[in-house]
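Undergrad: If you want the building blocks of each chain, they are given just below.
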Amino acid sequence: MKRMNYYLQVLTVIGINIILAVSLNLVSGFTGQLSLGHATFMGIGAYTATLLALKLHVPFIPSLIFGAAMAAFFGFIIGVPTLRLKGDYLAIATLGFGEIMKNILLNLKITGGPMGLRGIPKVTNIYIVAAAVVVVIFTLNRIMISRVGKSFIAIREDELAAEAMGINTTNYKILAFTIGAFYAGIAGGLFAFLFRYINPNNFGFMKSIEILCMVVLGGMGNTAGAILGAALLTVLPEFLRSVSPLISQYRMVFYGLLLVVMMIVRPQGLLSNTSFYFRRISVEKNAGKGGR
Amino acid sequence: MALLEGKNLTMIFGGLAALDSVDINIEKGEVLSLIGPNGAGKTTLFNLITGVYSPTKGSISFKQKEIKNLKPYDITRMGIARTFQNIRLFGEMSVLDNVIIGQHCRTRTGVFGAILRTSAVKSEEKKVRDRAMEILNFVGLDREAEEKAKNLPYGKQRRLELARALATDPDLMLLDEPAAGMNPQETNELIGLIDRLNDMGKTVLLIEHDMKLVMGISQRIMVLDYGKKIADGPPEKIRNDEKVIRAYLGERSRKEVRAC
Amino acid sequence: MFFQQFFAQVMNGLTLGSTYALIALGYTMVYGILELINFAHSEIYMTGAFVGLIMVTVYKLPFAAALLAGMAGSCILGVIIEKIAYRPLRKATRIAPLISAIGVSIFLQNAALLVFGPQARAFPANFSAAALNFGFVQISSLQLLILVISVLLMIGLHLLIHRTKIGQAMRATAQDKETAQLMGIRIDRVISFTFAIGSALGGAAGVLVGVYFNSADPMMGFFPGLKGFVAAVLGGIGNIPGAMVGGLILGLAEVFGAVYMSQYKDAIAFAVLILILLFKPTGLMGRRIQEKV
Numbered sequence: 001m002k003r004m005n006y007y008l009q010v011l012t013v014i015g016i017n018i019i020l021a022v023s024l025n026l027v028s029g030f031t032g033q034l035s036l037g038h039a040t041f042m043g044i045g046a047y048t049a050t051l052l053a054l055k056l057h058v059p060f061i062p063s064l065i066f067g068a069a070m071a072a073f074f075g076f077i078i079g080v081p082t083l084r085l086k087g088d089y090l091a092i093a094t095l096g097f098g099e100i101m102k103n104i105l106l107n108l109k110i111t112g113g114p115m116g117l118r119g120i121p122k123v124t125n126i127y128i129v130a131a132a133v134v135v136v137i138f139t140l141n142r143i144m145i146s147r148v149g150k151s152f153i154a155i156r157e158d159e160l161a162a163e164a165m166g167i168n169t170t171n172y173k174i175l176a177f178t179i180g181a182f183y184a185g186i187a188g189g190l191f192a193f194l195f196r197y198i199n200p201n202n203f204g205f206m207k208s209i210e211i212l213c214m215v216v217l218g219g220m221g222n223t224a225g226a227i228l229g230a231a232l233l234t235v236l237p238e239f240l241r242s243v244s245p246l247i248s249q250y251r252m253v254f255y256g257l258l259l260v261v262m263m264i265v266r267p268q269g270l271l272s273n274t275s276f277y278f279r280r281i282s283v284e285k286n287a288g289k290g291g292r
Numbered sequence: 001m002a003l004l005e006g007k008n009l010t011m012i013f014g015g016l017a018a019l020d021s022v023d024i025n026i027e028k029g030e031v032l033s034l035i036g037p038n039g040a041g042k043t044t045l046f047n048l049i050t051g052v053y054s055p056t057k058g059s060i061s062f063k064q065k066e067i068k069n070l071k072p073y074d075i076t077r078m079g080i081a082r083t084f085q086n087i088r089l090f091g092e093m094s095v096l097d098n099v100i101i102g103q104h105c106r107t108r109t110g111v112f113g114a115i116l117r118t119s120a121v122k123s124e125e126k127k128v129r130d131r132a133m134e135i136l137n138f139v140g141l142d143r144e145a146e147e148k149a150k151n152l153p154y155g156k157q158r159r160l161e162l163a164r165a166l167a168t169d170p171d172l173m174l175l176d177e178p179a180a181g182m183n184p185q186e187t188n189e190l191i192g193l194i195d196r197l198n199d200m201g202k203t204v205l206l207i208e209h210d211m212k213l214v215m216g217i218s219q220r221i222m223v224l225d226y227g228k229k230i231a232d233g234p235p236e237k238i239r240n241d242e243k244v245i246r247a248y249l250g251e252r253s254r255k256e257v258r259a260c
Numbered sequence: 001m002f003f004q005q006f007f008a009q010v011m012n013g014l015t016l017g018s019t020y021a022l023i024a025l026g027y028t029m030v031y032g033i034l035e036l037i038n039f040a041h042s043e044i045y046m047t048g049a050f051v052g053l054i055m056v057t058v059y060k061l062p063f064a065a066a067l068l069a070g071m072a073g074s075c076i077l078g079v080i081i082e083k084i085a086y087r088p089l090r091k092a093t094r095i096a097p098l099i100s101a102i103g104v105s106i107f108l109q110n111a112a113l114l115v116f117g118p119q120a121r122a123f124p125a126n127f128s129a130a131a132l133n134f135g136f137v138q139i140s141s142l143q144l145l146i147l148v149i150s151v152l153l154m155i156g157l158h159l160l161i162h163r164t165k166i167g168q169a170m171r172a173t174a175q176d177k178e179t180a181q182l183m184g185i186r187i188d189r190v191i192s193f194t195f196a197i198g199s200a201l202g203g204a205a206g207v208l209v210g211v212y213f214n215s216a217d218p219m220m221g222f223f224p225g226l227k228g229f230v231a232a233v234l235g236g237i238g239n240i241p242g243a244m245v246g247g248l249i250l251g252l253a254e255v256f257g258a259v260y261m262s263q264y265k266d267a268i269a270f271a272v273l274i275l276i277l278l279f280k281p282t283g284l285m286g287r288r289i290q291e292k293v
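Chains as they are written, first to last, in the numbering used here: chain B, 1 to 292; chain U, 1 to 260; chain Y, 1 to 293.
A portion of the hints provided could be inaccurate.
Label-pair distances were calculated between CB atoms; the ranges are [claimed, not checked]:
| # | chain 1 | residue 1 | chain 2 | residue 2 | range |
| --- | --- | --- | --- | --- | --- |
| 1 | Y | Lys91 | U | Pro153 | 18 to 24 Å |
| 2 | Y | His162 | B | Asn107 | 34 to 40 Å |
| 3 | U | Gly39 | Y | Ile84 | 35 to 41 Å |
| 4 | B | Pro59 | U | Ser94 | 42 to 48 Å |
| 5 | B | Val235 | Y | Ala8 | 52 to 58 Å |
| 6 | U | Pro153 | Y | Ile84 | 42 to 48 Å |
| 7 | U | Phe13 | B | Arg266 | 27 to 33 Å |
| 8 | Y | Gln263 | B | Tyr250 | 46 to 52 Å |
To give an idea of the interface, some chain U residues facing chain B are shown, with a C-beta separation under 8 Å as derived from the structure [said to hold, decoys possible]:
| # | residue |
| --- | --- |
| 9 | Arg88 |
| 10 | Ile115 |
| 11 | Met215 |
| 12 | Ala231 |
FYI, nobody ran anything at the bench for these hints, they're computed from the structure. Just so you know, these numbers come straight off a predicted model, no measurement behind them. Note that the Cβ used here is the ideal one computed from N, Cα and C, for glycine as well.
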C-alpha cells in the first residue's frame, strides 16, 4: 500500500512536469523563443492559487484558474518589452524577471517570506492531474493545428518571412508566451495543492533549467518529446536516489552536461527522428541559396 | 493614378546612400522590371516598399495611402506581397502549410476559436485549404503538397515562394530574382507563370538579371545604378540607352562597342 | 558631511561599476563576434576568483600574482569552453548555442559547488587596505586599486583593439565574418582570441571583487554575471566603450538605489534592463542592428 502510494505520487509529479514541459515547449520549441524563467510563472500560479484558497477561502478549481490567469498576465507584462527584440534578450529578461519575483516573494509579508506558505489543503491527486494534463494537451494541440499554431512555427522558421506573410510576429510571440505562462500557472497550482507547502525556492532558476532540460531531452518542438522528457527526468532522479542518496548531489551537474551534450550530439532530442529546427545548415545549401 | 508611388526615396546605411532620391511609379496592371548591376539598390528598394526598412528620406504611397512607416505585416495586408532573393521558406513545414500561412492576413481564427473549433473555424480552415491547393495547382506544385518545403528541389522552392506570396491575395507582387539558379526550361515556365499572374490582374515588380526574361515580359524597365535611377522606359528604349549600356559594360567597353 | 557621504557612495558605485564593466566587456566582445550571449561568463568570472584565492591562500603569493593567475585561469577556461561547447554549433540555429552556453554555466557552477562546498571563503588581499585622506574626502586604497587596475585593463583593451593587427582582425570579423574570412583572416583564431581576452577580463573582475568583499563562493558569478550583461546591453551590446560606460552607470545606479530599497538591490539591474529594452533597445551607444535580407 505504501509502495502504491509512492508510485502514485511519482506519477502525479510526472503529470505536473508534463504540463510544465509542454508549455515551455510551446514557447521555446514551437515558437523558438528561449525562456529561462518558466518556473516563475509556475510560482505565480502556485502563490496566487494558495493565497486565494487560504485567505479568501476560494474553492480549489477557481483558485487554480485564477492562479493561471495571473501567471498569464505576468507573462504578457514581461513579454511586451522583451519580445519586440531578438530572442536572446528574452532569455536574460526572463531570468532577471524570475530573480525579481523571487526577491519580492522573499520580502513580502503575505507570501510568508523565505518561510513560504504552509497548511495548504491536499487536494491534488492523480485524477485531477491526469484531467489537467489531458485538457492542456488537448487545447495545445488544437491551437497548434490552427492558424495560430502555424504562425508560431512560421516565426520560429523565419521571422522575417513570417512578417512578410502578414503575421504580426511580436503579437504572436507575446501570445505564445502568455499561453505558456497560463499553463505553467496551472502546474504551479497543482503543485501547491499536492505538496501543501511552497516557498520561493521551489520556483527558482534551477527549476526553470530542469523544465528546459525536459524539453531539450525529449525534443524541442515536439509535444510527445516534451512528455517523454518530463517523465524521464522525473523518474530518473527518484531512481538514482534509491540507488544512492549521494548521487542526487550530482543532479545539477548532470543537467548542465545534458544540455551541452544534447545540443552537440542530438539537438533534435530523443524522440524526433527528423532534425527539427536545429538542422545544421550545410555549406552546399548555403551556397546554393546565395544567402547567409 | 499610380498603384504605388515612391517619391525621392533615399536610404542611407552608415553614411553610404544605398538609394539616392529615387522616384518610382507603378501603374495598375503592369509588369515593371527593376534592373541594375549588383549593389545598385534594387533589393533595398524592395525592402523600403515592403516595410522591412523605413526610408531615410522620401515617401511611399500605395493605393493613395502613405505606407512609409507601416510594419511589413500591415503592408502585406494592404496588398503587397514579396518573394526573397535568398529563398526564405518555412523549411520544416509542409508545402501546403507554407501556402496556408500565406493566407494568414486574410483569415481570423484566434486562440479561443482554435480551441473550440466552431463550425465557422472549420469552414474557414476548409476554405483556406482549398484555396491553398488551388494555388499549388496554379504553380504546378500540387503533387508536392505534403512534402517538407526544405526537401523541394531549388526551382520548385522558388515557385513555392511565389505561391506563398500569391496566397496573401496581393494586388502588387514584388519578385526578387525569381529566375536565379533556374535552368532555361524552368525559366520559360516561370515566364509563363508571371504572364498568367499578370493576366489575372496582378501588378508585378520584378528584380531580375536574366535579360531574356526581363525583355520578354516587362512592359517597362527601370534601371538603377549606384542607388540612382538612370533610366525608365519601355524595353526597346532601355536596350539602346547609352547610360544603361555604360552602367552595365563600363566606360571602356562602350568605346570598344563603338569601335566595332 | 552630506558631501562626504555622497562622495563615498560615488566611490562605491564606481568601484562596483568598474568590475561590472570588466564583466560586460567579455559579454560584449563575444556577442559582437558570435552574436551569442555567453552564459558561462559568470562562471568564468567565478573561476578567476577561485584561482586567485588559491594563489593567495594556498601558495601565499602576492596579490599581483594572484590577479595574473586568475586572469590566466579564466582565459584558458574561456578558450576551452568555446572549443568544446560553442564551436561545433556555429552553423546551428541561434537557440542551440544559447542552450549549450546555459548548460556550461550550470555545469561549472554545480561542479564548483561539489568541489568547494557552498560556503563562502575569505579572500584576503595580503596587503593592508588603508584609507587615504585627500583633505575632506577619504578613499580606501583597495577601491583605488580596483579602479586603477580596471582602467588600466580597459586602456590595454582599447589599444589592443585599435592598434594591433589581431585587434583589426577582431573588428573585421565582428563586422562581417564571411568577408573577413575571404580577406585571409583565420576567424577560428580570432574567435578563440576574443574568448581569451574577454575571459581574462572576467577573471580579473572575479579576483578584484573577491578581494573587495573578502569572499568567494561558487554562486558568486550568478548576479554579477547577469549585471555585467545588463551593463553590456545598457551600453549597446557589441559596443566596447558602451560596455565600460554601461558598467559604471549600473554600479552607480545600484549603490544609490540601494540607499532607498536595500532588499531589492539585485532587482535594480533588471529594472534597468527592462527600461532600456522598452525605450532604447539599442543601448546608449549602440547602433541599430539591421538584419540582412
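Undergrad: Now tell me, hint by hint, if it's right for this structure.
TA: Each hint tested on the structure:
1. Lys91(Y) <-> Pro153(U): 18 to 24 Å: For Lys91(Y) and Pro153(U) the Cβ distance comes to about 22 Å; the hint holds.
2. His162(Y) <-> Asn107(B): 34 to 40 Å: This hint is violated: roughly 46 Å between Cβ atoms.
3. Gly39(U) <-> Ile84(Y): 35 to 41 Å: holds (40 Å)
4. Pro59(B) <-> Ser94(U): 42 to 48 Å: Given range 42 to 48 Å: holds, Cβ gap about 45 Å.
5. Val235(B) <-> Ala8(Y): 52 to 58 Å: Hint holds: Cβ distance 55 Å, inside 52 to 58 Å.
6. Pro153(U) <-> Ile84(Y): 42 to 48 Å: This hint is violated: roughly 37 Å between Cβ atoms.
7. Phe13(U) <-> Arg266(B): 27 to 33 Å: Since Phe13(U) and Arg266(B) have Cβ atoms about 40 Å apart, the given range 27 to 33 Å is violated.
8. Gln263(Y) <-> Tyr250(B): 46 to 52 Å: Hint violated: Cβ distance 33 Å, outside 46 to 52 Å.
9. Arg88: holds (4 Å)
10. Ile115: Given a least distance of 5 Å, the restraint on Ile115(U) holds.
11. Met215: Nearest chain B Cβ about 23 Å off; hint violated.
12. Ala231: Result: violated, 26 Å to nearest chain B Cβ.
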